[in-house]
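**Q** In order, the protein sequences belong to chains A and B.
With the first letter of the first sequence counted as 1, position 110 gets the number 110 in UniProt numbering; the numbers rise by one all the way through.
With the first letter of the second sequence counted as 1, position 29 gets the number 29 in UniProt numbering; the numbers rise by one all the way through.
Do not rely on the hints blindly, as some may be mistaken.
[As the list claims (entries may be wrong)] Calculated pairs, DSS-like style, for lysine-lysine (alpha carbon to alpha carbon, straight line, at most 30 Å):
no.	chain 1	residue 1	chain 2	residue 2
1	B	Lys-381	B	Lys-275
2	B	Lys-449	B	Lys-389
3	A	Lys-9	B	Lys-143
4	A	Lys-37	A	Lys-67
5	A	Lys-5	B	Lys-195
6	B	Lys-275	B	Lys-49
7	A	Lys-67	B	Lys-179
8	B	Lys-203	A	Lys-91
9	B	Lys-179	A	Lys-9
10	B	Lys-195	A	Lys-91
11	B	Lys-244	B	Lys-49
12	B	Lys-143	A	Lys-5
[To be verified] Per label pair, the in silico range of CB-to-CB distance:
no.	chain 1	residue 1	chain 2	residue 2	range
13	B	Ser-362	A	Asp-117	53 to 63 Å
14	B	Gly-501	A	Asp-131	43 to 53 Å
15	A	Gln-126	B	Asp-55	27 to 37 Å
16	A	Glu-17	B	Glu-98	48 to 58 Å
17	B	Gly-184	A	Gly-112	37 to 47 Å
18	A	Asp-118	B	Asp-55	39 to 49 Å
FYI, nobody ran anything at the bench for these hints, they're computed from the structure.
From the three backbone atoms N, C-alpha and C, an ideal C-beta is built for every residue, glycine too.
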Amino acid sequence: MALPKRIIKETERLMAEPVPGISAVPHEDNLRYFDVKIHGPSQSPYEGGVFKLELFLPDDYPMTPPKIRFLTKIYHPNIDKLGRICLDVLKSNWSPALQIRTILLSIQALLGAPNPDDPLANDVAQDWKTDEKAAIQTARDWTSKYAAPE
Amino acid sequence: MDSDDEINSVQSSEDDFMDDEDSLGEDFDAVEEPDDFGFSQDKDIKPRKQAYEVDFKVWGPGQIQDQQDKQVEEVSAVIGQPTESTAILLRHARWNKERLIESYMDKRDEVLESSGLSEDKEGSASITKADDFMCDICCEDGKDLDTFAMKCGHRFCVNCYRTYLASKIRDEGEAARIKCPGEGCERIVDSKSLKLLVTEDLKDRYHELLTRTYVDDMNNLKWCPAPDCTYAVECGVKQKDLTKIVPTVTCSCGHHFCFGCSLNDHQPAPCMLVKKWMKKCEDDSETANWISANTKECPKCHSTIEKNGGCNHMTCRKCRHEFCWMCMGVWSEHGTSWYNCNRYEEKSGSDARDAQAKSRQSLERYLHYYNRYANHEQSAKLDKDIYLKTEKKMTQLQSSSNMSWIEVQFLQEASQALQQCRQTLKWTYAFAYYLARNNLTEIFEDNQKDLEMAVENLSEMFEKSTDQLAGLKVEMLDKTSYCKRRRIILLNDTAENLKSGMILIIPNS
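Using the sequences and the hints, build the whole thing.
**A** Written out as structure tokens, the structure is:
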């Protein structure tokens with residue numbers, strides 16, 4: 001199937017004007033599959049870490065949102081063990097006018113502002129609520145352990 | 001649980017049984033007198049409402065549409081908005097007219113904003129060609145491209161807009177609250193825009209979904225849960241009254257269901273007991289059966305123990321208590337005569353057995369009711385098989401006994417009565433499990449017994465061979481109307497006692 005113009009344009013723009021702290025590179029053999037790297041936002045427990053994600057554009061993209069998953073282990077109340085992400089714009093609030101870059105920015109923002117009140121990983125959210133300091137420290141430890149830049 | 005639907009749902013006309021007054025014995029004159037009076041006067045008058053019945057009305061798809069249109073027009077006249085916007089406002093307010101009008105009068109802008117009708121930019125919704133335009137969805141551009149935007153100004157090419165709406169309607173089943181595809185835009189796509197954009201093949205689906213949300217939003221409306229039924233039922237019974245009323249309604253398609261929980265007719269048991277009961281049955285009936293048959297409890301710590309071999313000298317794994325499997329007494333009192341348990345009169349043994357009996361009692365009690373409940377369910381299924389053969393039987397009967405088609409209708413009637421009564425009986429057992437013991441419960445049980453006996457009698461007759469059936473016609477007619485009567489008496493009695501709060505439910509059971 002020919003790649004829709006929309007995907008070609010988006011990919012071109014991602015290459016030509018990359019978002020700072022975010023990179024998304026399509027696989028050569030599958031232009032709908034992207035390797036993504038997001039730098040942990042500064043002033044967050046994920047600062048200094050580089051997180052790998054995979055991103056896939058389904059057939060009916062952009063009518064349905066891209067599928068995105070963290071590959072790097074991360075300690076975050078809205079991201080579970082399998083790397084799945086709880087983010088409104090990836091589900092009910094998806095709009096076909098949103099793009100790969102806007103979604104990745106939203107994910108980066110989620111790293112800067114964890115939301116333990118709407119958890120995906122219940123145990124992490126529990127830690128976060130009972131002892132935020134300790135939870136942030138764990139997130140920092142995990143970042144240096146699993147997300148160290150190569 | 002639902003396999004018996006179709007049969008139960010075959011509508012039985014309520015005044016059928018009134019034709020057979022003479023055949024009824026003397027025994028319930030006192031109860032039925034007022035009704036008899038009403039019916040014998042004029043059979044065309046709608047039967048007086050029984051205590052167990054509720055008022056309801058069935059609406060067809062067209063009528064539901066009319067109802068919506070009427071409400072939209074009404075509100076539109078009051079608030080002075082065009083009907084398209086009013087429809088959106090009403091859907092947003094979940095069809096609470098009064099609240100919408102009130103809040104609209106108080107804070108018009110806020111209401112418009114929250115339902116996505118705020119006026120951001122001028123320009124009416126229409127398909128136009130725009131200069132210097134690139135669609136944010138497909139990245140196509142060009143002067144010839146047809147584009148569309150609502151008042152919010154988020155402009156996309158018509159193709160993308162159509163695809164977007166199609167995926168919302170077809171895949172996500174949304175209709176009343178589809179938002180503008182623009183990022184973060186809360187504006188709801190109004191019906192005018194939809195008319196402009198939605199392709200023919202989706203229009204039906206769209207309208208179906210709109211009606212669906214209307215019925216879902218209204219507290220006094222419920223869809224008939226029967227497969228492929230398009231009717232909705234209106235009933236005024238409130239959620240909070242469900243502990244006292246069992247609102248069984250009958251759809252025009254013939255399906256009997258409970259308005260409170262949409263399950264199949266479960267009179268006389270109230271919804272919450274039905275829910276509890278079904279959960280309990282799911283959880284433990286089979287397990288409980290097995291436990292009851294194969295295990296005993298440690299007399300000390302009440303752990304459940306299965307003896308899978310060895311002698312009667314038991315040592316509980318948990319509390320190390322030593323006892324005799326036969327008499328449940330303490331082992332030390334057995335001395336050396338362990339192989340021949342002769343300690344039946346021993347005090348500790350009988351105490352232990354008493355305690356055990358008590359704890360088993362509740363289990364036995366549950367199984368008592370469960371077995372009867374399950375039995376009626378099973379029998380109803382078997383009766384259903386018979387029902388399926390009824391038609392064949394009827395034809396046979398016509399050819400073998402020179403009876404006309406009309407004259408063999410009694411078989412079908414009997415079969416329907418059986419189904420209905422079994423359904424009721426089934427639930428009386430679930431209900432009885434939760435009843436505290438008092439005089440009313442005893443009356444309830446008497447009623448239950450009478451109905452059960454009548455049903456079993458009729459059921460037995462039903463299984464007779466065809467040549468015998470012809471001769472049994474009068475008797476069967478009698479039994480059928482007797483069953484129906486008994487059922488109504490039971491339901492009426494229970495409904496009245498439930499309403500007045502005279503029936504006590506065992507707490508925490």
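**Q** Each of the hints needs a verdict: does it hold here or not?
**A** Hints versus structure:
no.	hint	verdict
1	Lys-381(B) - Lys-275(B)	holds, 22 Å
2	Lys-449(B) - Lys-389(B)	holds, 28 Å
3	Lys-9(A) - Lys-143(B)	holds, 19 Å
4	Lys-37(A) - Lys-67(A)	holds, 15 Å
5	Lys-5(A) - Lys-195(B)	holds, 28 Å
6	Lys-275(B) - Lys-49(B)	holds, 27 Å
7	Lys-67(A) - Lys-179(B)	holds, 22 Å
8	Lys-203(B) - Lys-91(A)	holds, 26 Å
9	Lys-179(B) - Lys-9(A)	holds, 25 Å
10	Lys-195(B) - Lys-91(A)	holds, 27 Å
11	Lys-244(B) - Lys-49(B)	holds, 17 Å
12	Lys-143(B) - Lys-5(A)	holds, 17 Å
13	Ser-362(B) - Asp-117(A): 53 to 63 Å	violated, 42 Å
14	Gly-501(B) - Asp-131(A): 43 to 53 Å	holds, 50 Å
15	Gln-126(A) - Asp-55(B): 27 to 37 Å	violated, 50 Å
16	Glu-17(A) - Glu-98(B): 48 to 58 Å	holds, 54 Å
17	Gly-184(B) - Gly-112(A): 37 to 47 Å	violated, 19 Å
18	Asp-118(A) - Asp-55(B): 39 to 49 Å	holds, 44 Å
Checked against the numbered hints given earlier, this structure breaks hints 13, 15 and 17; the rest are met.
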